[in-house]
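J.: Residues per chain are reported as follows:
2 protein chains.
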Amino acid sequence: MADYPEPVRELTAALRRLPGIGPRSAERLALYLAQADPSFVSGLAGQLTRAREKIHACPVCGVLTDQDPCVICGDPRREAAMICVVERATDVFNIEKSAVYRGLYHVLGGKISPVNGIGPEDLQVNSLEERLRHKTVREVILALGSDVEGDATSHYLAKRLQSLGLRVSQIAQGLPVGSGLEFADELTLSRAIEGRRLIDQESL
Amino acid sequence: MADYPEPVRELTAALRRLPGIGPRSAERLALYLAQADPSFVSGLAGQLTRAREKIHACPVCGVLTDQDPCVICGDPRREAAMICVVERATDVFNIEKSAVYRGLYHVLGGKISPVNGIGPEDLQVNSLEERLRHKTVREVILALGSDVEGDATSHYLAKRLQSLGLRVSQIAQGLPVGSGLEFADELTLSRAIEGRRLIDQESL
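Chain order of the listed sequences is A and B.
The letter at position 147 of the first sequence is residue 147 when you use our numbering, and the numbering goes up by one with no holes.
The letter at position 50 of the second sequence is residue 50 when you use our numbering, and the numbering goes up by one with no holes.
Honestly, the hints are just simulated from the structure, not real lab data.
Since the list gives no way to pick out one identical chain from another, each pair is judged satisfied if it fits inside one copy or across any two copies.
Pairs of lysine to aspartate or glutamate residues, derived as EDC-like cross-links and limited to a Cα-Cα distance of at most 20 Å, are as follows:
1) 54 - 6
2) 159 - 139
3) 159 - 147
4) 97 - 75
5) 54 - 37
6) 54 - 66
7) 97 - 6
8) 54 - 27
9) 159 - 149
10) 97 - 79
11) 54 - 3
12) 97 - 66
13) 97 - 3
14) 159 - 121
15) 97 - 87
16) 159 - 87
17) 97 - 27
18) 54 - 68
19) 54 - 10
20) 97 - 10
21) 159 - 122
22) 159 - 130
Working from the sequences, and respecting the hints, build out all of it.
T.: Here it is as structure tokens:
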């Protein structure tokens, strides 16, 4: 029984290590790439290498960037009075897509998780505090995940940062836009009710 | 609104051109790769390039290979009296996985499709005939798809090859193994009934 040629098998094995790529997808992709337009394949290989070489964490905020400081830290039109704290570097781009926030960011690099042995000293908390001491920041927005560890991290940061005399807020938890109550779990609904907002008579 | 750094955007665009990779998957993969272990990324880029450079069609049968002739054509233990005709180079490995066939192969490179302007002269039919004239082949097995174009191609080849005095067979069409009659369409069932086999009393 003949198997795929070795270069195809090796490529399949490497592709399987990518997130969301199962054994069948890896095989299909490897076969496609082994027969694809050579200039497309060499271009893809070059882009892979270039992306990995050029992309790094912004030394100020931790956002993924190919320049120092990143386009957000380096933009004088952004509101320097606000810092939004996120868990991962990629979270920043999701918030940017919503186009509602015009301040700066700070990437924590994880969340506090005693079970996994991750404490505040393993996260970018000291560098955040350092930024807050030197800059004219008035509000810190905590935009962490709404799971137990995210909530615990938000709670810890809120306590620690409030002692610096800062306004600390947390993004709202509630019903996702476009979803019905029948799809929401009790915890989400209880948060949505707790976080209810008065409807302004004049806006109706 | 800040977008991903340019190297990430370029990599995302290249990944979107791969089969089965949608916009969200491409973005997720590009972000993963931009932050992955540098040695893994450079290894993957190298494997991509190497696979594309080394893999080509076997000059004899058209199977994907990194050596000439391919491991199948070059294996003296394979039965040279049988040639199995398939549409794509990748079909060969699917048949090899079933481990039931020990003969040689011939890749057509497509199927006859008047609608798309593909005739026998666009496929590897002449090279197949050439092989049949010189080799001691006794049977040609047609293993094409069971759609209209596959059937038409099988019909055309059977007629043309039988005139060379060869035994020409076609792989069976019928119920997939593990499937029930309730999932089979009428055409599949009619083929399954036409292709029925007598049950050997002695094998019971």
